[in-house]
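Student: What follows is the residue order along each chain.
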Amino acid sequence: MLTRTSTQPALRRVVEVSLLACLTACMLVIGAWSTPAPLGDGGASPSATSVKAAFVYRFLAFVEWPEQAFASADAPMVIGVLGADALAHELEEVVANRRIDERAIEVRRVDVAHALDGVNVLYVGEQASSALTGLAARAARASVLVVSDFADALDEGSVINLLVVDNRVRFEVSLEAATRSALRLSSRLLGVAYRVRAP
Amino acid sequence: MRGPTQSIRSKLMLVVLVTTVAALGIVAVALVIYESRAYEQAVARSILTQAQIVGRASAPALVFDDPKAARENLALLRVQPRFQAAAIYRPNGQLFASYGQRDAAGPGMSRSDPGDGYAIEGNEIVVHGRIVEGNDVLGTVFLRSAYALDARLRDYLSILGLVLVASLVLALLLSAALQRAITQPILAVANVARQVMQRRDFSLRVAKTTDDEVGVLVDAFNAMLAEVGRRAEALESSNASLMRESGERREAEEALREADRRKDEFLAILAHELRNPLAPLRNALEILKRRGSDTAVANEARQMMERQLRQMVRLVDDLLDVSRITTGKLALKREVVPLAEVVRSAIDTARPLIDARAHTLGITLPLERVDVDVDATRLAQVFSNLLNNAANYTEPGGRIDVIGSADEHQVTVTIRDNGIGIAPEMIATVFRMFAQADASLERVQGGLGVGLTLARHLVELHGGTIEAKSEGSGRGSEFVVRLPRVASGAASAPKPVASGSAL
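Protein chains in written order, with numbering that gives the first Met the number 0: chain A, 0 to 198; chain B, 0 to 502.
Errors might be hidden in some of the hints.
Facing chain B, from chain A, some residues (calculated, C-beta under 10 Å) [unchecked claim]:
{"hint": "1", "residue": "Arg3"}
{"hint": "2", "residue": "Phe54"}
{"hint": "3", "residue": "Val62"}
{"hint": "4", "residue": "Trp64"}
{"hint": "5", "residue": "Pro65"}
{"hint": "6", "residue": "Arg97"}
{"hint": "7", "residue": "Arg107"}
{"hint": "8", "residue": "Ser129"}
{"hint": "9", "residue": "Leu189"}
{"hint": "10", "residue": "Gly190"}
Please keep in mind that the hints were generated in silico from the structure rather than gathered at the bench. Each residue gets a CB set at the ideal place from its N, CA and C atoms; glycine is no exception.
When you get a sec, could you build the whole thing from the sequences and use the hints?
Tutor: Next up, the structure:
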């Protein structure tokens, strides 16, 4: 049964005040432990890198990998980060203690040579943009979700490309690349995409 | 006057109505309470579902910080006009996206992750649902919707009202049909009671149709009616006998008074009758005293005296006989004799007078022997009286007939003359004492006045009847005597007819 919220003004005021007090106290404690604030919880102007890291983590929930992409049912979700150490650091913090579909999440800093070894997601930073062209075809065969962060990355074979529009982090999607990689992207993800490139 | 019929029926109706209204009223209140709660829950649940749909659709927007997409999602709610406003708040209470002019959340509501719930603000309901993606709480969606509980309850109440009215009508119809079983026997009792009151007829009874308490009442009522009827009847019969007795007493008094009057009358006439012969007797004595030497005159005077004396003797004898009969002292010496003997004896007695008045006497008697069981002397007296009457009331040289006849059971003797007859108005009274047909004639003829009375008494003593007939004044008279006949075989030896006891 749904609980009806009391709207009695006096009581409401009391509850409100005490809730506010609790919240403040909690914030202080959290701040003292310097735990990274969860995404979108109103931390003072989070940096673009941390937002991007959060985005990468969030993408996992909206993408479906083929079964053979994982060695076993409890194999971890491995995110390879190429050419974006700052983001890798942020991402490690984001995924700490988080799981996706009962899988642990692992962040690996990879180099171009071993960029696709045992990873499910490959983040290609702007510094490694030139490497993407060589990796894209293999990544597609291995059903690796390629997330990139530079202009025209979709043309290079990236599936999801991050971009900044009006000071906000947005992303664009290539359904063609996704299909090629045998990845299924949730329509809900497409709904909030800045741009969707259809085949 | 208000009839008891309406009263008991309307009371029963009232009971049914009050019961029905009370029961339906309780049901209605319970239904309304339940309905308002259930409606509230159902509405809240339905809106929460919508909120969750909106929330789920908006989850990516929250995740990827895209308020525009969220706003577009919320704006889809416009297809349902009941949604006044909608909003999505982040868990920290910060507004993420909204739809509508107004704030979706209520003024006193917590925006920072209040979970699922709802609040009602007047005619609006605010439902909030948490948006969860995976294990993360992303925010809360608030939906403000019109909440038409009043209209809903109005509809509900009007339906309940209709049901109530229909139930009442049905209850009335049913009770009208069913109450007959209860009221009918009571009404029957009341009806009979009213009839008894109006008609005073205690023979009425109530038909017993049930064996319940009313049946007991009916039995008791009938028993009471029977008892009252018995008592009323006893009272009435005693009243009637009282009335009858007083009537009889009145009649007896009247008869006594009449008898007294008659006696006075009788005394006056008797005195007159006794006095009448005395004048001729005195005159005759005077003649004898003065002219005793004159044999012819003396002889005539002596004869007149004899005649007058005989008249007086007869009168006194008759009176004595009547007196004996009326006091019950006359005993008949009955024997079976032939009728002819009695008739002849009577004729012998009357013969001198008949001859003296030069009448012709015709005698007709049946050829066979006809026996009667009579006192021969007294019956001969009756016939001779009638013959003397006939002779007296017929002008000299008239005709007198004696006709005897008999059938199986009865003997009839008719004595007819062609004399002065009897006026029709006198026929009924000729047998009364001193009822003379003609007073003037009496004086001349030496009337009797007692003879017919005596004759009737004697005939009736013999178990017979006597009847006088006449076709009117101057057209003769006829006296018919009827006596029971006895079988001839039972006849005993005829006795000699006594004579000379009368006249």
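Student: So, for every hint listed, does it hold in this structure?
Tutor: A quick look at each hint next to the structure:
{"no.": "1", "hint": "Arg3", "result": "holds, 6 Å"}
{"no.": "2", "hint": "Phe54", "result": "holds, 6 Å"}
{"no.": "3", "hint": "Val62", "result": "violated, 12 Å"}
{"no.": "4", "hint": "Trp64", "result": "violated, 16 Å"}
{"no.": "5", "hint": "Pro65", "result": "violated, 21 Å"}
{"no.": "6", "hint": "Arg97", "result": "holds, 8 Å"}
{"no.": "7", "hint": "Arg107", "result": "violated, 22 Å"}
{"no.": "8", "hint": "Ser129", "result": "violated, 27 Å"}
{"no.": "9", "hint": "Leu189", "result": "holds, 9 Å"}
{"no.": "10", "hint": "Gly190", "result": "holds, 6 Å"}
Checked against the numbered hints above, the structure violates hints 3, 4, 5, 7 and 8; every other hint is satisfied.
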